[in-house]
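Given next are the chains, with one letter for each unit.
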Amino acid sequence: MEQPAVRVSGACKTYERSDHAALLPTSFDVARGEFVSLVGPSGCGKSTLLGMIAGLLIPDAGSIEALGVPVTGPGDGRAIVFQDAALFPWLTVFHNVEYGLRAHGVPKAERRERVEDALRLVHLDDVADRHPYELSGGMRQRASIARALVMRPEILLMDEPFSALDAQTRTILTDELQRIWLETRPAVVFVTHNLIEAAFLSDTVHLLSSGPGRIVKTYEVDIPRPRDEADPALLGLRHDMLDRLRAEVDDAVLRRAQAAEVTAL
Amino acid sequence: MEQPAVRVSGACKTYERSDHAALLPTSFDVARGEFVSLVGPSGCGKSTLLGMIAGLLIPDAGSIEALGVPVTGPGDGRAIVFQDAALFPWLTVFHNVEYGLRAHGVPKAERRERVEDALRLVHLDDVADRHPYELSGGMRQRASIARALVMRPEILLMDEPFSALDAQTRTILTDELQRIWLETRPAVVFVTHNLIEAAFLSDTVHLLSSGPGRIVKTYEVDIPRPRDEADPALLGLRHDMLDRLRAEVDDAVLRRAQAAEVTAL
Amino acid sequence: GGPTGPADAVRVGFFLNVTHGPALLAVAGEFTSALAGLPVEEQVFASGPEEVSALLGGSLDAGYLGPGPYVLAEGRAPGRLRLLAGVVTGGQSMVARTGSGIRSVADLAGRTVAVPAHGNTQDLTLRLLLDRAGLRAADQGGAVEVVPVKNAALSEAMRQGVVDAALAPAPYGERLVADGLAAPVPAIDAEIAAWRLPATVLVVTEEFARANPAATRALVDANARAVRRAQADPASVARLFNAMLAEATGKKIPERVLRESLESMRATTAIAPGAMALMVRSAERSGYSGGPVPASALVPRPG
Amino acid sequence: MSTGPGDRAGAGRLARARRRAAAVLMGTGRKSWFILVIVLAWWLITAAGWVDPYKLPSPGDVIATLGTLFTERALFADLIATVLRLVEGWAIGVVAGVLLGILTGTSRLLEDGIRPVIAGLQAVPTIAFLPLAILWLGFDGSAVLAITAFGTFKPMALATYGAMHQIPPTLLMAGRALGARGLFMQRTLIFPAIVPNLVTGLKMGWSFAWRALMAAEIVVTGAAGLGGVLELGREIGAIDVVMAVILVILVVGIATEQLFFTRLERWVNRRWGLVGAR
Amino acid sequence: MSTGPGDRAGAGRLARARRRAAAVLMGTGRKSWFILVIVLAWWLITAAGWVDPYKLPSPGDVIATLGTLFTERALFADLIATVLRLVEGWAIGVVAGVLLGILTGTSRLLEDGIRPVIAGLQAVPTIAFLPLAILWLGFDGSAVLAITAFGTFKPMALATYGAMHQIPPTLLMAGRALGARGLFMQRTLIFPAIVPNLVTGLKMGWSFAWRALMAAEIVVTGAAGLGGVLELGREIGAIDVVMAVILVILVVGIATEQLFFTRLERWVNRRWGLVGAR
Ligand SMILES: Nc1ncnc2c1ncn2[C@@H]1O[C@H](COP(=O)(O)OP(=O)(O)OP(=O)(O)O)[C@@H](O)[C@H]1O
Ligand SMILES: Nc1ncnc2c1ncn2[C@@H]1O[C@H](COP(=O)(O)OP(=O)(O)OP(=O)(O)O)[C@@H](O)[C@H]1O
Ligand SMILES: [Mg+2]
Ligand SMILES: [Mg+2]
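Chains as they are written, first to last, in the working numbering: chain A, 1 to 265; chain B, 1 to 265; chain C, 1 to 303; chain D, 1 to 278; chain E, 1 to 278.
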């Protein structure tokens, strides 16, 4: 069997000064070039899990391997895109995208070429000189994606990249992400609350439970690409997931209410 | 004909120090007890319109009547709920809900009773003594709704009340809103980006164009209540609206790109 | 303006300085019995200008202070204060940095000389000296740099050679000598002594004097007693000064330094004829004076 | 590997308690190592005789002087006098600054007119006004108090303006929509809304109050108060007295910070929900 | 009612230009009415003879004194000397404070140890250190400069710590994920990220620098400077000189605020995207 892009084996995490786990021991693989989504209620540990794969957080137990190498910190081959784009406001789009290459000491000429390629890929080549505040929310997320792609990652991690956008921009960017992914084919771990988005983009969707998170169900999406958002199969899948989630949430609301009572004492 | 709850006649607005209109002249009525949604791309003037109905903004031209009286400022009979709940962080849930009654000089005993009723209505009676930071996002929005309902408004204005919540909580609260509305029957103007939400809740949905906003299409939703979110008729309506909006956005993206070039000079 | 009627207390200001010796004695003894039935409230000041402000602003009735601030006050607000009596004369000495070679006023040309503050008694005295020797201060277009240096900073300024000489109030000149940083300049001290300039005088606000003639007379009498005691027993002044200093800081000034300081001054209620006029002339020539000082302000009017 | 949920919770609680105790110890260590290093260096330098003791008395000398000042002299009374004056002047300045800030901050015209003047005055060191204060207010302590209050007033008014611009607009809109206006609005919405930002201002004001008061005490009150002792120490060249007084001010400063401002800040941040529920 | 889009745009541009011109005039009026009121009241009080001219000289007297000071007493040289010293001391303090803040702020241990000491020192008025500075650095400009720089250093270091805690964590995570670390991270991410918060700190530092400098200039009188002139006025009881110097400091303060800090703030806020695109 080919080595997976990401292997999460029993990784779990409890934050300092917190008295309950953010993520219970969790295991899954992401094959090379596979698109995996993580879906689950707020606070179920999705960002925690992603942060651990990125090497920004250290799991309390269990291990994480990226491209066969144990993850001990942020490293080559992995790139991450955040919900709020997290662009550096004092740098232009060009320099934002160039930042990671500078940090890695890539020579100037090569930097220029790679940044221009990345910006073309996300259709931002004509706003390279603008600062983030001069961009719309959608453009900011494109820039953030370019900043990740310019590192030529084999693993792309995305934490709710589109959830701060309005519905229309979101739909457009989801389409674009499908195109870009089909062009560049990194392995992707994609966190979202949007079930249609998850179904539309993924090969595999992991559903996490709330409270201390763990994977409660996994869906394989066997619909050929490029896909259409209005595909009835996608809508059906969404409906299944929603039901499952609603059960999870009710459970969680109960649990959270109890926890809150303890807190309030 | 019965007098409408809200009558917007040619209201328009250009902000100071802005060089394009936030909202072009717009007219529509909201009947008493009617649920109207406003949907449209980001920046199309939905919040501006709602602010004018609330009396927080003054239209440049045109007029707005609430319950037959011209709106000149915030006033009785109208209440508003914001996206970020906008609870007063230093007050408990109880005192937050009580605030408007205090401002209106309602006597203490009556305040207590009305606040308790409102909190029961949104299922928050057992967290009345908590501060906002001790609540989940969904609980905060419930509190914000209670704060509006306690004023016994005939007109309830809601500006993306659920858009900061995760998908699951959102679904639950949308159900709740339907129940509360059926119980109390105020006229509602509801702003959202979520097309299913709009279709699910409304009697009438107005679609606004982007850029300087104006109403481009109006949908009547004739599905009996209580409704089910998975109703195929709702999904069909959503699809129609999405197509229409996507066309609007493409148009707007073009226009905005041109505007941005002018800005960048 | 404060109350114009009779006061219900006498508010008296003074410095915690050796040159205020009789004032210290008065505060510690002579005033303890009330002045003509009025209780005494003492107030310690750190410098003359604040004391003058307090007197003119109506929050102080009487004060021990140097003749410099007094004549400047009379120039700016004539007739508001009344000179009651002398307290101490002398109490200042010229010291020159070791190795500076300064032996006379003429040697000060081209040098930097420290005084405690603009327009204070030492500053006015120094300018008299320069004037007599045909020299001028640099701020008057002359060749002698006169710089104000706070007593606190004087020894460091001297140690670092920033100033060549200082006309210092007791005991700071004596301290510099005792610390080996400077040497006395007897020729200049003799010249100053000849003027019999007051170091400290007692003043009262005109308003208070008019409304409280009895208390004013009692103040003059108490001062006279204190002056006599200080003259008869300088050691008691030294003891009292050190006790008060130690009370505040836990420190004392060496006995020897204090004794030498006290020898440089003389407690007396008399004010030499012409001494105040010299001060006025110096103030006017140096541009400090805000206006003419009435002649009546130059002689004590105890009654 | 399997433990019952009860055991687990109990073990967790124990571990937490232990962690907390360790944290307190660690915290003290973490926060004082630098002070220890400085004191050690100071002691070494003076003990080795590398500098003139006149320029830098040893830690022991300073402690001894401090002891003398406290036991044999009235330094404690001076300290109390100073701190009382400070608290009084600061409190007056805080109230005046916040009131002016809120009252003028709700009107563009008032704010535009008054704010630049206060910002300009803030550039003028408060001591510059001391001669005026003595002339106008007299010498009986009210000048010192006025100077201290004035020194606090300006940064507080500026902090209030700043804080008012940071009130989330939706909070104001929510208040207006609920019918709040005028004084009711200022009392029940604007004031509480700016409290968290004011806490930083309070600290700033305290720092300015100290400066103004020390400067005033040095000139005005002769021997009463820490400023007087500091100045007398300077006059007679007793550097150990100067350092002892600095030490006292330092300790008072740290104590105020730790016992008052940090707690206040924590309480306000908690109450205003600026930290998560835990 | 119907105008072509071109006409409309043209009219809009004109209206905008007119509005802008009006706004500038209005702005000046709005910002100076309070000053005018104060000056008028001052003039009235003195002209009517309600107060002792010794306690409050008239505006005319103060202006006349100011004229004399500038023409005959070389006040301009004093002003320049003071401002140069101020800028120099402030700049040194700013650089030192920010560097220390960043370097120690990236390590919990360093920050925990050093921050409380600096916070404590901030409570001690900088003048209290003047005797030490004179002893150690000499009775000349370097002591004054050191005191000014030290007065700036403490609030700048504290502002830097504060600012570092306000960097959005995702920016730091993004930087780390992109491979930034150590000095590269501090230089290219942490420093630029804190700049907007530092601007407020710069103003604070400037204000503290003024205080420290004035206090130092009053004592260390060798060189020219406004502090010396202020002290001269105080010592000879010339309240008009005191007020004239206050006026000069006030004008310098307002000018610095308007010409430097406000512009800097606006530029930074624009560049860092803290205001909308327009
Ligand atoms: N830095 C932190 N310190 C302490 N607890 C944290 C921290 N970050 C997250 N948590 C807690 O850990 C749990 C999981 O958080 P996480 O951010 O991973 O959830 P999530 O699934 O990404 O939620 P969302 O959908 O809201 O982004 C939550 O209970 C959260 O409160
Ligand atoms: N206070 C303001 N000053 C200037 N322009 C403003 C202001 N508020 C909004 N605008 C502008 O007016 C237009 C309409 O804004 P509005 O907030 O009403 O849009 P919206 O439809 O509510 O958008 P969203 O869906 O993002 O909430 C936008 O171009 C916006 O930039
Ligand atoms: Mg998350
Ligand atoms: Mg909006």
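By construction, these hints were calculated from the structure, which means they are not laboratory data.
It cannot be assumed that every hint is accurate.
Claimed, not checked - Under 8 Å between C-beta atoms, here's a sample of chain E residues computed to sit facing chain D: (1) A23; (2) T28; (3) K31; (4) L99; (5) L103.
Said to hold, decoys possible - Below, computed lysine to aspartate or glutamate pairings styled on EDC-like, alpha-carbon distance capped at 16 Å: (6) B:K217 to B:E183; (7) D:K31 to D:E235; (8) B:K217 to B:D175; (9) B:K217 to B:D29; (10) E:K31 to D:D112; (11) E:K31 to D:E265; (12) D:K31 to E:D112; (13) E:K55 to E:E257; (14) B:K217 to B:D231; (15) A:K217 to A:D175; (16) C:K252 to C:D179; (17) C:K251 to D:D52; (18) C:K251 to D:E235; (19) C:K252 to D:E72; (20) C:K251 to D:E257; (21) A:K217 to A:D240; (22) C:K150 to E:D61; (23) A:K217 to A:D76; (24) A:K217 to A:D203; (25) C:K252 to D:E235; (26) C:K150 to D:E111; (27) D:K55 to C:D233; (28) D:K31 to E:D140.
For each residue, glycine too, the CB sits at the ideal point set by N, CA and C.
To see whether the hints hold, each was checked on the structure:
no., hint, result
1, A23, "violated, 12 Å"
2, T28, "violated, 10 Å"
3, K31, "holds, 5 Å"
4, L99, "violated, 17 Å"
5, L103, "violated, 13 Å"
6, B:K217 to B:E183, "violated, 29 Å"
7, D:K31 to D:E235, "violated, 35 Å"
8, B:K217 to B:D175, "violated, 26 Å"
9, B:K217 to B:D29, "holds, 14 Å"
10, E:K31 to D:D112, "holds, 5 Å"
11, E:K31 to D:E265, "violated, 34 Å"
12, D:K31 to E:D112, "holds, 5 Å"
13, E:K55 to E:E257, "violated, 30 Å"
14, B:K217 to B:D231, "violated, 22 Å"
15, A:K217 to A:D175, "violated, 26 Å"
16, C:K252 to C:D179, "holds, 15 Å"
17, C:K251 to D:D52, "violated, 19 Å"
18, C:K251 to D:E235, "holds, 11 Å"
19, C:K252 to D:E72, "holds, 13 Å"
20, C:K251 to D:E257, "violated, 31 Å"
21, A:K217 to A:D240, "holds, 11 Å"
22, C:K150 to E:D61, "violated, 30 Å"
23, A:K217 to A:D76, "violated, 31 Å"
24, A:K217 to A:D203, "holds, 14 Å"
25, C:K252 to D:E235, "holds, 12 Å"
26, C:K150 to D:E111, "violated, 42 Å"
27, D:K55 to C:D233, "violated, 37 Å"
28, D:K31 to E:D140, "violated, 36 Å"
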